[in-house]
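Engineer: Sequence:
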Amino acid sequence: MAPDITRADGKLGWGILGPGNIARRFAGDLPASSTGVLVAVGSRDLDKAKAFAAEFGGARGYGSYEELLADDEVDAVYISTPHPQHAQWAIRAAEAGKHILCEKPLTVNHAETMAVIEAAREHDVFLMEAFMYRCVPQTAALLDLLREGAIGKIHQIEASFAFGGSPNPGSRLWDPELAGGGILDVGGYPVSMARLIAGVAAGQPFADPESVSAVGRVGETGVDEWTAATLTFPGGVSAHVVTGIRKGAENVVRVVGSEGYLVVPNPWLPARDGSSAGIEVHRVGEDDRHVEVETVPLYAAEADTVAAHLADRQAPAMAWADSLGQAATLDAWRAAIGLEYPSERLDANRPTVHRRPLRRRDDHTMKYGQIVGVDKQVSRLVMGVDNQMNLSHGTAMFDDFFERGGTTFDTGYIYGRGQCERVLGQWIHNRGVRDDVVVIGKGAHTPHCDPESITRQLHESLERLQTDYVDVYFMHRDNTDYPVGEFVDVLDEHYRAGRIKAFGGSNWTLERLAEANAYAEANGRQPMVAVSNNFSLARALDVPWAGCLAISDDESRQWLEKNQLALMPWSSQARGFFTGRAKPEDRSDAELVRCWYSDDNFERLARATSLARKRGVHPTAIALAYVLHQDFPTFPLIGPRALSETHSSLPGLQVDLTPDEVRWLDLRD
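Going left to right, the sequence shown walks through residues 1 to 669 as the UniProt record's numbering numbers them.
Only true hints are included.
Derived CB-CB ranges, DEER-like:
1. A59 to E259: 46 to 56 angstroms
2. R361 to S64: 16 to 26 angstroms
3. E177 to N387: 23 to 33 angstroms
4. H459 to K376: 19 to 29 angstroms
5. P316 to E250: 24 to 34 angstroms
6. T579 to D362: 25 to 35 angstroms
Lysine-lysine pairs mimicking DSSO-like chemistry, simulated, CA-CA at most 27 angstroms apart:
7. K11 to K48
8. K614 to K583
9. K11 to K50
10. K367 to K562
11. K376 to K562
12. K614 to K367
In case anyone wonders, no lab produced these hints; they're calculated from the structure.
Beta carbons: idealized from backbone N, C-alpha and C, even for Gly.
With the sequences and hints as input, model every part of the structure.
Structural biologist: Spelled out as structure tokens, the structure:
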């Protein structure tokens with residue numbers, strides 16, 4: 001880990017990546033900072049970098065961003081490149097050990113924001129999205145007034161930031177390839193303010209909307225020219241936000257409450273270039289008043305905020321979770337008006353977030369096993385592909401899993417009504433990794449659980465996945481109305497045609513599976529080689545979905561040990577039971593209570609927690625290690641919706657359990 005500050009004068013040495021207009025404002029204010037000084041400027045144009053550095057007192061200019069990141073006197077970087085480059089260079093800066101202040105939006109979408117935050121976490125650097133208005137006294141005064149009840153109970157928020165202009169395809173604002181338009185340029189301001197104020201109403205640092213609806217105009221160049229959105233928050237608070245690049249707006253913040261309203265006439269650039277500052281309070285039964293606030297150089301305040309919170313690696317002004325919620329809200333706003341950038345479309349050849357070729361990391365910790373019929377390494381953890389509904393999210397999740405050694409992906413015909421298969425298929429096509437990954441497909445789900453449906457669905461799945469075979473195919477359910485031999489026959493037919501390399505049953509009884517294999521042996525057919533039922537340290541009392549089966553009981557375990565059939569268990573970590581969510585007194589999650597709450601399971605949780613303390617890991621790692629340490633082959637499915645969830649599962653691979661510990665965890669000793 002690099003030192004937080006390298007300069008002898010104790011000031012934070014800043015480097016600027018991308019010397020554009022917003023960077024000029026930052027560099028111009030930086031001398032007023034009490035904590036920072038400009039050291040270097042990086043640009044694709046060396047002369048431009050040198051001229052910018054000379055103008056604002058920087059020691060040197062570089063003709064590349066890489067050179068700037070290699071400068072030992074640069075402690076922190078201010079990233080002001082075009083939007084699509086933010087994620088790439090924030091990740092590169094984190095890898096170089098530089099603290100990061102990145103212009104808004106932090107990235108183009110939520111998926112990239114996840115990747116940047118995880119890079120900052122992994123490399124232990126500060127990261128903040130640069131909403132400078134969050135760092136000034138006026139915003140602090142606004143929040144104080146609202147917390148004190150100056151207008152009573154908060155009910156409605158109005159916020160706008162829009163300006164007029166004519167279409168100019170040569171400008172980044174009007175270019176969809178550069179994520180142009182109002183929402184990602186200035187629309188983030190009213191959204192972030194609404195979320196901040198809604199957080200006050202909820203007694204939290206910020207709040208995320210429960211729903212986003214919007215109308216707007218996407219112009220001929222393919223970007224949003226004008227749009228208005230309604231955000232609804234928990235507790236009945238709503239917000240109306242407006243942005244645009246073709247028509248100006250009032251550009252104020254108005255908050256309405258039970259006892260009156262207040263107005264911030266200049267919320268975004270208070271006291272800059274001679275503009276006004278302050279807050280107008282209009283309360284029923286009282287004289288209107290204007291609250292004066294201290295004015296400070298905006299970007300100097302932002303730089304000082306970074307320096308003040310280096311040790312925390314994030315600042316309350318715009319914490320990481322706040323940026324994740326911000327990105328998700330902006331994604332929802334764009335989706336509501338049908339705005340999708342070319343790089344996000346399902347048929348796009350979307351690059352990695354860090355813009356380097358995909359490769360397995362040298363320091364990965366993945367372990368591997370074998371499944372009969374599959375001539376590839378099968379990663380012991382399997383990525384569940386059941387929630388990645390767009391290419392941006394899928395690409396970020398799958399790239400990360402692959403680079404961390406993951407090879408195996410589990411999807412199904414019904415997941416996302418086929419969208420999950422399409423996303424996985426496009427990612428595999430984009431990366432050219434079909435020979436390097438194991439694809440698990442599933443079909444024949446109730447009510448279409450019959451031999452004919454298997455054939456129809458398999459062909460459709462192969463088309464969505466853009467491949468001519470899946471490595472392992474599971475029947476998603478069983479249907480005892482059909483003789484088991486009819487299912488074996490049709491699966492064997494597709495095996496012989498090369499469409500599947502191995503097959504098994506998901507949510508099948510072991511008795512029925514044994515019957516299927518007996519039929520296969522007697523009739524010269526391929527046997528089932530794997531089963532995918534629920535199995536975890538916490539034994540299921542019930543199952544989340546109709547038709548599911550769990551096989552954590554002693555008799556099932558003995559059968560698996562005897563037959564050495566591969567188990568690919570879903571909900572292998574008991575759907576969050578070991579994350580800290582489960583407490584006997586907390587019954588807010590009805591499904592968790594129904595499926596996992598029992599005295600025995602809470603004793604298993606207590607034992608996993610105790611062992612986790614001794615091993616220096618989280619209880620979820622112990623729970624996953626338990627599944628991995630059975631006396632039969634296991635390949636647990638994990639279903640992360642965020643990169644942080646993927647990363648929290650990986651330590652389970654490194655936990656070695658003795659046979660006695662496995663028995664003790666499961667209350668068998």
